[in-house]
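Protein chains in written order, with the numbering used here: chain C, 1 to 294; chain A, 1001 to 1358.
Source of the hints: derived by calculation from the structure; they are not laboratory data. Owing to the predicted nature of the structure, the values given are computational and were not obtained by experimental measurement. Please note: incorrect hints may appear among the correct ones.
As the list claims (entries may be wrong) - Examples of chain C residues toward chain A, derived with CB under 10 Å: (1) Glu193; (2) Ala194; (3) Ser213; (4) Tyr256.
All C-beta atoms, glycine included, are put in the ideal place defined by N, C-alpha and C.
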Amino acid sequence: MAEPAQAGIGQPSLANALFVAPYMVLVTGLLFAPLALGIWLAFQDYDMLGGWAGGVGLENFQNLWDDRIFRGTVRNTIKFVLMTTPAFVILGLFLALALNNSLRRSAILRTIFFGSSVLSVTIVTLIWRLIYLPDRGLLADILALVSLPGVDMVNSQIWALPAIAIVTVWWIIGLPMTLFLAGLQQIPAELYEAAALDNASRWRTLISITLPSIRRTIVVVAVIEVILQFQLFGQALLITGGGPDNTTRPMVQFIYEAGFRDLQLGFAAAASQVLFVLMLIAALGQFWAGRRRA
Amino acid sequence: MAELSLRGVSKQFGQVEVIRDLSLDVPSGEFAVFLGPSGCGKSTLLRMIAGLESVGAGEIHLGGTRIDTIAPGDRGVAMVFQHYALYPHMTVRENMAFGLRNIGTPPAEIDRKIADAADMLEIGELLARKPTQLSGGQRQRVAIGRAIVKQPRAFLFDEPLSNLDAALRSRTRIELARLHQRMRSTMIFVTHDQVEAMTMATRIVVMNHGRIEQVGTPMEIYQQPRTRFVAAFIGAPAMNFLPVASIDSEDGRVAALLPGGGRVVTRVPIAAVPAGATLTLGVRAEHVHPGSTGMAARVDVIERLGERTLIYAKLADDSIVVYDEPGDVQVAVGEHVALTIEGPAAHLFDAQGLALHG
Chain C
1 MAEPAQAGIG
11 QPSLANALFV
21 APYMVLVTGL
31 LFAPLALGIW
41 LAFQDYDMLG
51 GWAGGVGLEN
61 FQNLWDDRIF
71 RGTVRNTIKF
81 VLMTTPAFVI
91 LGLFLALALN
101 NSLRRSAILR
111 TIFFGSSVLS
121 VTIVTLIWRL
131 IYLPDRGLLA
141 DILALVSLPG
151 VDMVNSQIWA
161 LPAIAIVTVW
171 WIIGLPMTLF
181 LAGLQQIPAE
191 LYEAAALDNA
201 SRWRTLISIT
211 LPSIRRTIVV
221 VAVIEVILQF
231 QLFGQALLIT
241 GGGPDNTTRP
251 MVQFIYEAGF
261 RDLQLGFAAA
271 ASQVLFVLML
281 IAALGQFWAG
291 RRRA
Chain A
1001 MAELSLRGVS
1011 KQFGQVEVIR
1021 DLSLDVPSGE
1031 FAVFLGPSGC
1041 GKSTLLRMIA
1051 GLESVGAGEI
1061 HLGGTRIDTI
1071 APGDRGVAMV
1081 FQHYALYPHM
1091 TVRENMAFGL
1101 RNIGTPPAEI
1111 DRKIADAADM
1121 LEIGELLARK
1131 PTQLSGGQRQ
1141 RVAIGRAIVK
1151 QPRAFLFDEP
1161 LSNLDAALRS
1171 RTRIELARLH
1181 QRMRSTMIFV
1191 THDQVEAMTM
1201 ATRIVVMNHG
1211 RIEQVGTPME
1221 IYQQPRTRFV
1231 AAFIGAPAMN
1241 FLPVASIDSE
1251 DGRVAALLPG
1261 GGRVVTRVPI
1271 AAVPAGATLT
1281 LGVRAEHVHP
1291 GSTGMAARVD
1301 VIERLGERTL
1311 IYAKLADDSI
1321 VVYDEPGDVQ
1331 VAVGEHVALT
1341 IEGPAAHLFD
1351 AQGLALHG
């Protein structure tokens, strides 16, 4: 430090690079490099046993397009995202609104609702497989109480995917709820007082004051959930294994099976790129929609 | 007839009593200022009138109707908040229309009221903007406009000038006073700034520890403070307080002898002083005069304010007396001066801090 006065703010210095280096190394090694490798692999014939057999152009994508099961997984995944994301936004917001106060009761309920998020997917699916057990499970008991016939959710082509969606929402509703709570607490109390003096009903206050104030949070929650739910894997694998008749098989399971069971890495990488593009389109679409309404 | 009437109002937050059995009548068309230090309960009182805090005990009446039991929106009051509380996602026009829409005012009437208010406050060209696109002073006007369009029985202001810079604050003071003259509505204004209170109020309500210390016109409060608290709180520099060593009588009036030497003949009749009372003499800076004779003092600190100079002088008993001189007075620290106190303008306070009057 011969001349410390020279190293002011805005002065380029090698020392500055050191501060960002750890992050850059991690993000390059664990994100950019695998991403680039994955894109490259998608255009190769690469078998884990047979090894690399050269570039194949778009053949992997062509095979995906022709694969009935893969097309099914795309449909299942999109359906799943459409089921869960609105549920996360609406239910998360509802819980946050109901629990956004300093009552002891609310503090306990906030902890409970967030608590399930820390459970591992194996525990969660175990609990819910017990609930969904035909004839003996909690669901069957409840349905029997109100004299409704029991449903074998997990083995029903209609109900299996909604069953997984319910498990997922129950499992990680805590995150959107917490994000919404943080958003709600940013709203100045004076706004609500002004609204009270302006004769605003509770409904009018919700529509005209609360929702516009947390519009950004709503977009963030929706984007986060879309990105998360497109990656559905563990719940489907552990509850239904992708059945019945592939009606719950998600894209990630397909990728996993193509890559690590069938060992066709190039083919699996191509499927990954399709998932990546779908997630990108969905997330950007929501950003765009969120901005347009601003 | 009293427009706003508070009867035996009390309020507690947990164990803390913030308003104690407070009664007050504000006549129609007054500009009443609740003045007091932080934590004196003035804002709480305003919020109780607005309906943003519940009333612990007592009643609040506005225009002959009991309002402490009804919803804030139905009380006929409009409030200008300290941080303005404009709805950030609405335009200025929508901000002003929101309350009117909620009570089902016809759109044509809303437009007319907004146009009138915008005209009065000169914010016509801001109507399409959002609050984030406005300066502090403009937000202030919009907040006032939002109150005006509702044509309330009473306007409530919660320290609305505290976020403005000094120049804008004094300009807004004048504008608010002008607005009050023009609208002739009842206005309640909360502040801890005595200048705001003195300049705008038709009546000042001085509060301390949840109680009213004194109610009066600005000059009554300034010239005839009822308690030592009021005397100390109003006026800059603060009133001088000097302990009284002993008293004697001159023409039936109290003559106070000061420990630092000096004898001050006050207006207070000797009959008003209980025997053996501990007294304090209070006198404002402008009623202390340097001269060739009087109490010996030595100049300690000189504060030049431009149009006048404040001089803090130490008496023989080390008590400090502040007096004022013209701005360009020739004086030096350490200089010896002789001070006389204008007796008829001086106040006497007893040990409880109450002023003794004739």
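For each hint, the structure was consulted:
A cut of 10 Å between beta carbons decides the hint on Glu193(C): the least distance to chain A is about 5 Å, and the hint holds. A distance limit of 10 Å between C-beta atoms decides the matter here; for Ala194(C) the minimum to chain A is near 4 Å, and the interface restraint holds. The criterion of a C-beta within 10 Å of any C-beta in chain A is met by Ser213(C), whose closest approach is roughly 7 Å, and the hint holds. The interface hint given for Tyr256(C) is broken, as the beta carbon of that residue sits about 44 Å from the closest beta carbon of chain A, more than 10 Å.
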